[in-house]
Amino acid sequence: MYELYKHTIDGPASRVIYEREFHKLKLVFKKPKEINDEENLLASKNGLNLHQAAADLAYSTKANDKVIAKNVSTKKCYSFDLQQCLPTPFLQSSVVFYKRQLWTFNLTIHDNCTGKSYNYMWHEGIAGRGANEIASCLYYHLKHNIQPNESEITFYSDTCGGQNKNTHVSAMFIKAIQELPNIKIINHTFLVAGHTHMECDIDHSMIEKSKKKTSTPIYHPTTGINLLEEQEKQTSFKW
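Numbering (UniProt numbering), first residue to last: 1 to 239.
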């Protein structure tokens with residue numbers, strides 16, 4: 001650095017003065033990290049293999065829980081997820097895309113034993129779509145749809161921290177066990193990020209198809225719910 005300094009400055013100071021002033025700045029140069037391409041490639045492959053193994057394990061665990069829940073009357077298995085926001089009004093016009101629309105939220109809880117899905121819907125004027133809202137829907141479902149003989153409930157979801165994987169939902173499950181005497185165990189299993197396809201995703205796809213089939217303009221969220229209820233026989237909508 002001193003040699004470069006001498007070539008860029010007319011009448012440079014001595015090396016002693018340069019070093020003294022340089023140390024006053026208290027600059028530190030980090031030692032370059034040695035990079036081994038083979039080691040990095042091996043670590044990446046190992047990480048990918050572990051990630052894929054964890055994803056496969058999560059899917060196989062869910063499939064196993066579904067089989068057990070179908071054969072054991074005291075157990076239930078659900079998957080749940082929040083659908084992509086639904087705009088209101090829903091019109092077959094490109095102009096509406098640039099307008100300020102009212103967004104409707106839909107939390108789908110799919111019964112992996114019976115194939116029935118429960119859709120809890122509300123618009124942004126009622127509440128947001130955070131952890132409290134998700135916990136409220138799950139609690140309502142546990143309170144009104146679990147039979148007296150069903151004591152162990154298993155839920156599957158993705159790892160979204162703002163909605164599913166948080167202390168609000170965990171605290172709600174504890175509260176549900178305390179207040180609902182028939183429920184003894186609640187399991188909440190998270191699928192691996194990037195591998196979160198669930199049964200409720202199929203429900204969401206069916207809702208989108210049903211919405212596009214209708215020629216009736218949807219001006220209000222309740223109108224959309226009524227239309228969907230007419231077309232989806234295995235689906236329950238709760239406003």
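Calculated directly from the structure, the hints in this document are not laboratory data.
Predicted model only: the values in this text are computed from it and were never measured.
Don't take every hint at face value.
[As the list claims (entries may be wrong)] Below, a list of computed lysine to aspartate or glutamate pairs in the DMTMM-like style, where the Cα atoms sit at most 20 Å apart:
#1 Lys70 to Asp111
#2 Lys75 to Glu21
#3 Lys99 to Asp111
[Stated by the list, open to error] Simulated restraints, written as ranges between beta carbons of each label pair:
#4 Thr167 to Lys30: 54 to 62 Å
#5 Lys116 to Asn64: 14 to 22 Å
#6 Tyr98 to Glu124: 12 to 20 Å
#7 Asp201 to Met1: 32 to 40 Å
#8 Leu4 to Lys30: 38 to 46 Å
#9 Thr222 to Val95: 53 to 61 Å
#10 Lys116 to Val95: 33 to 41 Å
#11 Ile177 to Leu27: 57 to 65 Å
#12 Ala127 to His195: 50 to 58 Å
#13 Met1 to Glu124: 54 to 62 Å
#14 Glu124 to Ile146: 12 to 20 Å
#15 Lys31 to Ala53: 45 to 53 Å
#16 Asn64 to Lys30: 45 to 53 Å
#17 Tyr98 to Leu42: 13 to 21 Å
Positions of the beta carbon are idealized from the N, C-alpha and C atoms, including for glycine.
(request) Could you see if the CB distance from Leu4 to Lys30 stays within 38 to 46 Å? (result) Violated, at about 19 Å.
(message) Next pair to validate is Lys75 with Glu21; report whether the Cα-Cα distance is within 20 Å.
(response) 74 Å, violated
(request) For the range 45 to 53 Å, tell me whether the beta carbons of Asn64 and Lys30 fit it or not. (result) 49 Å, holds
(request) With respect to the beta-carbon atoms only, verify the hint that Glu124 and Ile146 lie 12 to 20 Å apart. (result) 29 Å, violated
(request) Using the Cβ atoms, figure out if Lys31 sits within 45 to 53 Å of Ala53. (result) Violated, at about 36 Å.
(request) Given the hint that Lys99 pairs with Asp111, test it: the Cα-Cα distance must not exceed 20 Å. (result) Violated: Lys99 and Asp111 sit about 37 Å apart, past 20 Å.
(message) A range of 54 to 62 Å was offered for this pair. Does it hold for the Cβ distance of Met1 and Glu124?
(response) Holds - the Cβ-Cβ distance for Met1 and Glu124, about 59 Å, lies within 54 to 62 Å.
(request) Take the C-beta atom of Asp201 and the C-beta atom of Met1, compute their distance, and say whether it sits inside 32 to 40 Å. (result) 59 Å, violated
(request) Can you let me know if the beta-carbon spacing of Ala127 and His195 is within 50 to 58 Å? (result) 30 Å, violated
(request) Check the following: the C-beta atoms of Tyr98 and Glu124 are separated by a distance inside 12 to 20 Å. (result) 18 Å, holds
(request) Could you say whether the range 13 to 21 Å given as a hint is met by the Cβ separation of Tyr98 and Leu42? (result) Taking Cβ atoms as reference, Tyr98 and Leu42 lie about 51 Å apart, which means the hint is violated.
(request) Just tell me: holds or violated, for the beta carbon distance of Thr222 and Val95 against 53 to 61 Å? (result) Because 24 Å falls outside the window, the suggested range is violated.
Checked against the numbered hints given earlier, the structure breaks hints 2, 3, 4, 7, 8, 9, 12, 14, 15, 17 and satisfies all the rest.
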